[in-house]
Structure formats: C-alpha cells, structure tokens
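Novice: First to last, the sequence lines map onto chains A and B. Under the working numbering, the first residue of the first sequence carries the number 8, and numbering increases by one thereafter. Under the working numbering, the first residue of the second sequence carries the number 264, and numbering increases by one thereafter.
If you're looking for bench data, these hints aren't it; they were derived computationally from the structure. A hint or two may mislead.
Far from chain A, by Cβ distances over 10 Å, these chain B residues were calculated [claimed, not checked]:
1) Leu294
2) Lys340
3) Met380
4) Gly415
5) Ile417
6) Trp477
7) Asn524
8) Arg525
Facing chain A, a subset of chain B residues (Cβ under 8 Å, in silico) [claimed, not checked]:
9) Tyr329
10) Trp347
11) Val351
12) Leu355
13) Pro371
14) Leu406
15) Val500
16) Leu504
17) Ser530
Output of the computed footprint for chain B on chain A, the stretches with three or more beta carbons under 8 Å from beta carbons of chain B [unchecked claim]:
18) 29-42
19) 82-96
20) 128-134
Here a beta-carbon is modelled for each residue, glycine too, at the ideal position from N, C-alpha and C.
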Amino acid sequence: MNARGWSKFNIASVVLGFAFLYLPIVLLIIFSFNESKLVTVWAGFSTKWYAQAFANQGLMDAAWVTIRVAFVSASIATVLGTLAAMALARRTAFPGRLLFSGMIYAPLVMPEVITGLSLLLLFVAVDLDRGMTTVTLAHITFSMCFVAVVVQARLAGFDRSLEEAALDLGATPARAFFSVTLPLIAPAVAAGWMLAFTLSLDDLVIAQFNSGPGATTLPMKIFSQVRLGVTPEINAICTILVAIVSVGVIVSSIALKRQEVQRQRAQRLAAQA
Amino acid sequence: MKTSRFTVWLPYLWLLIFFLAPFALVLKLSLSEPAIAIPPYNPVLTWEEGIAGWWVDLKRLSFENYRFITEDSLYWKSYLSSVWIATVSTLLTLAIGFPLAYGMARAPRAMRPVLLMLVILPFWTSFLIRVYAWIGILKKEGLLNQFLLWAGLIDQPLTILNTDVAVYIGIVYSYLPFMVLPLYANLEKQDATLLEAAADLGCTPFRAFWTVTWPLALPGVLAGCFLVFIPAVGEFVIPALLGGSDTLMIGQTLYDEFFKNRDWPVSSTVAVILLAILIIPIVIFQRLQQREAGA
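Isolated chain A, as found in the complex (with noise of 0.2 Å):
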C-alpha cells in the first residue's frame, strides 16, 4: 500500500503508538540509575543498584537456572517445531493431521494457567518431581508450538521442487533435508530458536506451577519481589534483560539480513553465469 503519501494523521498515530509502546520501558530504565531508593523520585545518577543486584545470590541463582532452562528447552523446542513444521507444509494428509495442526496452534492463544495447571497434573500423575525438569518439560511444550508457526510460514514460502529435484537424483529424505530445505529455512530456525529462548526466560504462570524447590526461576524471583514493592535493584535487573534481548534481537535480524542479501548476490551471479 503507497497512495497519496504518509498524512500528519499517519505520522501522528506511528509516534504516538511508539511513545506508548516504549516510554515505560525507558522510564524503567532511566530509573534503574535513580541514587534514592525510591522509583519515582529523581535524585542523581547511581549505578549502586546494580552491583546490589549482582550481589544478591538468591537472583543469581535465578538467574542461572533460568539461563539453563531456557537454553535446552529452546533447542529441544526447535529441534521438535521444526519436525512439526515439516510435517505440516510438507505432508498434507496423515491420520490426525487435523488433531496435530489443532495442537500446534492451540497453545499459542491457551491461557497460561491451564497449560500450567494441566501439566502439573501430568507431572503429578506420573510421580515426577517438580524442579528444573518438569520446568524445562513444560517450557518445549509450548515453545515448540511457536517454532513450528515461525519455519511452517517460511517452508509455505520456498520452491518445493528443489527438495523433489534433490530427490530424483536419489537423496534420501534426510539427505535432502539436511543439504537443501534446512540451508533455506536455516533464518526462520535461528528466529523460532530465539524466540523459543526468549518465551523461556520469560514465563512466569507456567513455571510458577511446574517448579519445584531449589528451581526458583528469575520471573518468579522478580514477581515474589514486586508483590512486596517497587524496588530499583528490580529496576536493574529488568534493565539488564531488556538490554541482553535487545541487543541479542537487533544484532541476529542484522545478520540475517545481511545472509539474505549475500544469497540473493549468489543467486544472481549463478542466473548470470
């Protein structure tokens, strides 16, 4: 869509939408440098939050369960989103396959507390112990969900016919996959696998449920935390999260970008040649 240019009123509604979007997040972060203890009230520029923040065991303990959690739930969770992905773009009739796209997009839109409730069930029911396990368990559950929606929109996206060609030249299925249609949606996989990781650090609902002692996850750390008050050490370490993820976001779509951009360049020299 391009006709008749970008109104005042267009522009208005992008900056304000954007003001919206990021003055909370950029307030909590201007006072996470607050020197008073108190969040609203200006006193000076002081970095002493976050050295009590780093200095405080029980977050780090969070901290680095969290960081565990997330990392092998995400590539467990890609490893299994991916296959899901496969089987829905690729395989248009199996047995159940209206059971099995239901349950991909189901947990994308269920309320937390049910996925978390129904799980510990599960968890209880089979006698396994709560803790990082049954945290990580849940957390590729519904993060693989996710994965399989990222690399199902790029695998609806690509030719089909350079899997078939790979094939009639006798690969096998995992041959083809793993020299052809994984190098093209090798992008949408890095994007599901950071997205995976992110959902992981994030949840609180479904952990709170399925941990157990010794397990205590940063959100659950953070929420025990603000229940009793806004603190500026809180402050700081949400800073310091948003400032990882930021960061981690910008510079893996710059790189991608820039992947895109040198195949698009080797596409054409090979059309030239």
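Given chain A, put chain B in place with the hints provided.
Specialist: Same frame as chain A, now just chain B:
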C-alpha cells in the same frame, strides 16, 4: 514430497503426551473430590483394577465441583468480569492498534522494516517487566500523577493503580504488538490503486476507507482481536500486579484456588469451564490461521 514418518510422529507424540493428555487429567480431576492429602484429592479412575475397577470408579465420578461453582457467586462473577474486561481491552487495543498499523503500512517503503522491528522488539522483552514498568507510572505518587499535577490538569493525585483502569491499560499495552502485527501484514498487502480508483470515482477519503480498506482489512482485524481476546480472558499477571482487591479475573481466581486454597479439584473445574468458554473463539482463530497458512 515424502518426508520420513518420523517428522510427524515425534512432535505428534510429544503433543499428545504433554498437551492433550494433561487436559484429560484436568477433566478427570474436576470430577473428583478434594481431600487433605498429597496430592490433595481423592483419585477417581485408577488403572490398577482394570476394566471392572473402571466401572466402579465411573460411578464415583461426581459433578459436585461443578455444582459448587455455579452456587458460589465468586466464580460466575469472575468469568463474566474476565470476559467483559477482555472485550473492552480488545476494542481499546484495536482502536489504538489500527491507526498505528495503518500509519506503518503507509510509511515510506524504506522505513517499514525498521518500524516493524520496533513493534516486534517489545514483544521479545519480558511481559512481566513491561507490566512491572507501569506500577511506577500509575501509583499515587507515580510519574503520571506527578506529570498531571505539574501540568495543572488535576489538583489531587488520581487513584489508578489497583483499579480496573490499570488492568485495561496493562492489557492494551502488553497485547498491542499482537494486534498490530496481523493488521500491518494485511494493510501492507492491500493494493493502493483501489483507493486511487475510489478517489477518481469521486469518493471522499473517509468513505473510501470504510468501503474499500476496512472490509479488506477484516481478516487482519479478526486475527488481531482473537490474539488479544483469548489470552486476555485468562490473564493472570496483569490483574495480579495492576488490579485491585475488587478486580475479578478468572485467571487469578484459578491461581488463588490452587496456590492459596490448595483445592486442586475446584481449580481443575474452573479451568474446564474457562476452556469451554474459550473453545469457540479458539476454533475460529484456528480456522483463520489455517486459511492464512493454506493461502
């Protein structure tokens, strides 16, 4: 193309075990009786005694929890108020999200990837942190009140935090990217020459919007509204942090029933009814998604 069976069965099996089976357990537990034990319920339908045992167990199933929930006004008030809060917030999100997505779709082509990135970025940053950020803004001595007092717009600080208004703000804020992304995807694809044709035929821009752009945008509007409405009904974090003691939302009622009252059967019953309320919007949403994926 033939992919090996393994690509289907591995994720399929995973979802059957970790997504579908747990729902069966929730349903089963909602029909059991609470007990003071660990875990705190009397199991019905055990596997040990085989089919004959099942028949005995089936007769023990009780709808006691369902009756209890319909009799206690707390529960149905929570359901009604959740659906109401989610509906109002969805409409507010649409009212803010549509102009934003529309402005993005009409932005110069070179700027669009950056704008899209700016919408997606908050979606990656923690939900909990974004909700937390509003506490410092909305509380009595918070930044919003300081600003309004300074600007002379009010004489007394407003009470916003711990009210339903704060919950609306929290939901609109947190779910705005979910609304904007499908809307933008739709609006960006729309053919601008249609609007030019309408203008050439003497249509005012306002009329052209309602007769051309809006009907074409409806699939995006619906997708956005479902993506906001369905999770908002069961929202827990936002009412827990921003809502007041009189804010009733079913996600929080379920959470308290489970963690404070430790009544697993009643919380399962609450979950089953919540799912029953949401099943129609979820099915419509899935149809929409499948049509989009198939197109």
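Novice: Please write out, lowest number first, the hints stated earlier that are contradicted by the structure.
Specialist: Violated hints: 3, 9, 10, 11 and 12; rest satisfied.
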